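Assemble chain B onto chain F, guided by the hints.
2 protein chains.
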Amino acid sequence: MFRSRFNRTVAVVAVSTGLALSANAQTSNGKNAPLMIQEQGSFAVGGKVITNPGTFNPKQPTPDGQTLHGDHAYVSYEIPVNRRKLPLVFLHGTGQFSKTWETTPDGREGFQTIFLRRRFPVYLIDQPRRGDAGRGTVSATINATPDEQMWFDTFRVGIWPDYFPGVQFSKDPDALNQYFRQMTPNVGAYDPKVISDACAALFDKIGPAIFVTHSQGGGLGWATTLKTANIKGIVAYEPGSGFLFPEGEVPPPLPSAGGTLEAIGIPKSEFLKLTKIPIIIYYGDFIPEKPIDNPGQDGWRVRLEMARKWRDTVNHYGGHVTVIHLPEVGIHGNTHFPFSDLNNQQVADLMSKFLKENALD
Amino acid sequence: MFRSRFNRTVAVVAVSTGLALSANAQTSNGKNAPLMIQEQGSFAVGGKVITNPGTFNPKQPTPDGQTLHGDHAYVSYEIPVNRRKLPLVFLHGTGQFSKTWETTPDGREGFQTIFLRRRFPVYLIDQPRRGDAGRGTVSATINATPDEQMWFDTFRVGIWPDYFPGVQFSKDPDALNQYFRQMTPNVGAYDPKVISDACAALFDKIGPAIFVTHSQGGGLGWATTLKTANIKGIVAYEPGSGFLFPEGEVPPPLPSAGGTLEAIGIPKSEFLKLTKIPIIIYYGDFIPEKPIDNPGQDGWRVRLEMARKWRDTVNHYGGHVTVIHLPEVGIHGNTHFPFSDLNNQQVADLMSKFLKENALD
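If you're matching them up, the sequences are chains F and B in order. Numbering-wise (the UniProt record's numbering), the first sequence opens with residue 1 and increments by one. Numbering-wise (the UniProt record's numbering), the second sequence opens with residue 1 and increments by one.
If you're looking for bench data, these hints aren't it; they were derived computationally from the structure. No incorrect hints appear here.
Same chains, same names: a pair is fine if it fits in one copy or spans any two.
Straight-line distance between alpha carbons at most 25 Å, and here's what the computed DSS-like set of lysine-lysine pairs gives: (1) Lys-171 - Lys-48; (2) Lys-353 - Lys-273; (3) Lys-59 - Lys-171; (4) Lys-193 - Lys-227; (5) Lys-59 - Lys-290.
Since we're looking at a predicted model, the values are computed, not measured.
Isolated chain F, as found in the complex (with noise of 0.2 Å):
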């Protein structure tokens, strides 16, 4: 029951009857109908406090007695009228934010707002020592060092200056100046595990939901998923890296022009819990079958790889991975942002078509 069938047309996913739809459904025109929304909200969630030794003295204030509250993940959410049950819980990738998911670079909607059209709520995540939630326990130090070419090539956009032939991303200048401006630095060193835990916590709190994530937050995916039995199911847009097997069946790196991929070995029991609930990951185009000489485009080549090795094993564990090349589906001009490319909402109605087969709607 968890595997998907695709065609090569997706079906636009009907939404269910009465208010939402009227409130909150895009309408034929093209005009978009008012959100209904029935809460919102923000708040941090997980981290930590670490305290000064000493006396605190109001009268000549030094560090010494004083706290720090860092390492949280700061997290909005809003929940629409005739919500369904589960939320979507999004995790943006590397040196992103919440943005991710937000208006896309050339102004349309995004996922956080088509999944609310489809009644989800949603929430939305900024790691910890990422974006709003910048305050860590640790000190840090940001260069601003020039490197956007780099991401466009990475993002697979194209091969700066160049588009790729088709690919489904405006050519409007100011669509590529917000691209770049949805870039953030970390503050404070990326540590995985101070990450998954603060997302562990936010399940713990909101209860059952499905984890929708990007990139290197694939990896954060997986790993929160050991943490917390509230994750029902995952979406992984293009998992960049953090791909957990069995200690013992680790596959070998993978090299590429882009850098050497290694997964990671856990205790087989750890493992298992991967294999309890449907995951769906899918890549986008521009990915080569065979090595290339250009990174930004051969470091996908690796990964769509390590995928499937990792899908098969979590499937030959009983697990419920599927694997899904777009362009395999005949989906075609996508980057490694899929969710907020021209096409979108012929990529928000595959995912649907994911929730609705695995009973996650």
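Below, chain B alone, put in the same frame as chain F:
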């Protein structure tokens, strides 16, 4: 017409008729009606681009020839159905981000949602080099230095570990946990010019609007007013610095146990721009009338004094500045964050009254 009169009891602001009343108002039984949102999203605005010399080589990327887009503000927004004409643009203060205006530390609706219910489009800023606008054009070092007891005192919640008697702040330990976690560091040097440039770019983009500022944001509000014609009114909660006077009329520095407050001189032709719009300034409770040796409280004594001098000078040149010390109008117990204190509906009613009296609603 710009001056407000205040009664001890602030009348509840009536929300006008029709759909928005039923959809966005708070119902009389205390349960919140759904929010009806016509449009929501986020974007970067302002900022600059730095470019490294050299040529980018996609096959062996180095910083050569690459760009960095930084120093923008990050803005999220919601526009309600049946919107009022002028949006509210909210700017946080020192060490804070958009969270200042979102869910309160004890979990109630903040000004973001309260004023959406009152049918204002709401824009929330993360200023350049802060929070989700963390991508700066300068490098930075961030020290994880415990300092929260100092903030507890400076924000006038109490004198650590004691709460002020009657303070409008929840004693629930989780409220304090959330409060401390809404701090986030500067990611790059604090630069008022960079921030007011980005804020002015926002007003130039969205058109006429009202600026609602907090603390350090107050001075940035005056500075932004010099750079855009689209600020039609200012509501400043507890402005802490950046008071602008005509050159030659700058008052002497004001010493306090919390440091010495200096005003800033600007050309009179620039200063006169501040006389053209209605401005209201609110300060909360627990501000001493005479010098005391507690720096957390005493700094606010001179900020309130400077605000009154500034009011007198702006109004001397035909301006429309009102300073409200909340205890003087019968509103007691407020901290440095009146808009998220336990009585924030009452504080919001006062702001609505100012907007109405100045035809800004």
